[in-house]
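Using the sequences and the accompanying hints, generate a full structural model.
Read off the chains here:
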Amino acid sequence: MPPAEVLEIALRSLAVAGGATLLAALFGVPLGLWLALRGGGGAWGRVLLYSGLALPSVVVGLLFYLLLSRSGPLGFLNLLYTPWAMVLAEATLAFPLIAAFVLSGARGRVEEVRLLVRSLGGKERHVLPTLLAESRRTLAAALAAGFGGAISEVGAATLVGGDIRHHTRVLTTAIVVETRMGELQAALALGAVLLGIALLVTAFLVILERE
Amino acid sequence: MILQAEDLTLTFPGFRLRVPRLALAPGEVLVVLGPSGSGKTTLLRLLAGLLPPEGGRVTGGLRVYLPQTPPLLHRSVLDNAAFGLLLHGVPREKARQRAQARLKEVGLEALAHRPAHRLSAGEAARLALARALAVEPEVLLLDEPTANLDPANALRVEALLRRAAEEGRGVVLATHNLFQARRLGHHLLFLHRGEAVEEGPVAEVFAAPKDPRTQAFLRGEMVF
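Going line by line, the protein sequences match chains A and B.
In terms of my numbering, the first sequence is numbered consecutively and its last residue is 212.
In terms of my numbering, the second sequence is numbered consecutively and its last residue is 220.
Please note: incorrect hints may appear among the correct ones.
Cβ-Cβ distance ranges computed for the label pairs, FRET-style [as the list claims (entries may be wrong)]:
1. B:GLY85 - A:TRP45: 35 to 43 Å
2. B:HIS113 - A:PHE28: 30 to 38 Å
3. B:HIS113 - A:TRP45: 33 to 41 Å
4. B:ASP207 - A:GLY109: 39 to 47 Å
5. A:ARG211 - B:HIS172: 40 to 48 Å
6. A:PRO130 - B:GLU89: 14 to 22 Å
Keep in mind the hints are simulated off the structure, nothing from the lab.
Glycine is no exception: its CB is placed at the ideal position from the N, C-alpha and C atoms.
Next up, the structure:
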């Protein structure tokens, strides 16, 4: 595989997984904080959320395939076999990961933060922004987990992306193709690129967390 | 009076707090004395408005409550000290300037940019006090502020409390430390199982306690 194509695939992987992580965080972070502020959302709420961690990616891929296919309810959007469809499916997989991480991290600090805010004469509305600021380490871990889940995912990406060369091929689907063709060296090289990206993004998040 | 409470009651399973009357004048230190579980923390939280009373009412000026282990934010010492001011709508730069002045008063100005979680217990206690004083409260409500401190740090915190009272702030200090109560207090309220069993000027209560439970506690006997 020519280096230019490897770069193209790597950049597409980064864009799709990054977009999916951001989209998942947009909903997952507020949900995690909201549940944390309400005592964890109750046992059933947590069971439901944590069950999302075990969502099989092929099932999510199949659901989005059915939703986005021409005869599906969202078929008019013409998103199937586009990177946008992959973003949606991967965001669905990353969403419970991010929400669960945020809930788990913020839950232990809610009472402490609420006591501090209220004891200094602050209002209940000050609790959420303070909790968010105090949870930045958890946020970094949540984003790393969400991004890791999204970039390493292959089942949903194949089903809704279709692994179309120069259009929806990403590192994971390319590794599958190269392996099937017996190009094990190329597959290993793509695997190394994938690991490198995961490492760089995680390092970036750790730096952000320290800031 | 900068703090007044009347007919305060609150019930938890197996516990009932009842304080018929409490008043605090500017510059006065009211010591709430009593054994563990007597309701000192509950009373302070009621006075701070952190718990709604079942009956009665609390009136007074701006009150700040310091729990026994005040939470510190994952921020610098300076940003922790400025936090209360930000809650009260003071602009960030002004808040940091005022917080810096408070840090100087408590002897922490050199540590202003250090992460707050790297402070020792004594420094953390002084930071919590600086943070509380920065919002210019009329009343400080302190829950055993020196319980986890060595004698040297405890005396530093006591000196700061004395100064706060001299500045005209009212101080309500919950403690089970008899010596501290004598050193700092002007007025004393003795709580036993949620009941305000005795109150009066510190010197008078220590010299001639009327209630047998207060007498026993002041003799150092175990009172449950």
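Cross-check of the supplied hints:
For the pair GLY85 (chain B) and TRP45 (chain A), the supplied restraint of 35 to 43 Å holds, since their beta-carbon distance comes to about 39 Å. HIS113 (chain B) and PHE28 (chain A) have their C-beta atoms about 31 Å apart, which keeps the hinted 30 to 38 Å range intact. Distance hint check for HIS113 (chain B) and TRP45 (chain A): the Cβ-Cβ separation is about 35 Å, which falls inside the suggested range of 33 to 41 Å. Between ASP207 (chain B) and GLY109 (chain A) the beta carbons are some 42 Å apart, a value that agrees with the proposed interval 39 to 47 Å.
Range check, ARG211 (chain A) to HIS172 (chain B): Cβ separation about 41 Å, and the 40 to 48 Å hint holds. Look at PRO130 (chain A) against GLU89 (chain B): about 19 Å separates their beta carbons, and that is inside 14 to 22 Å.
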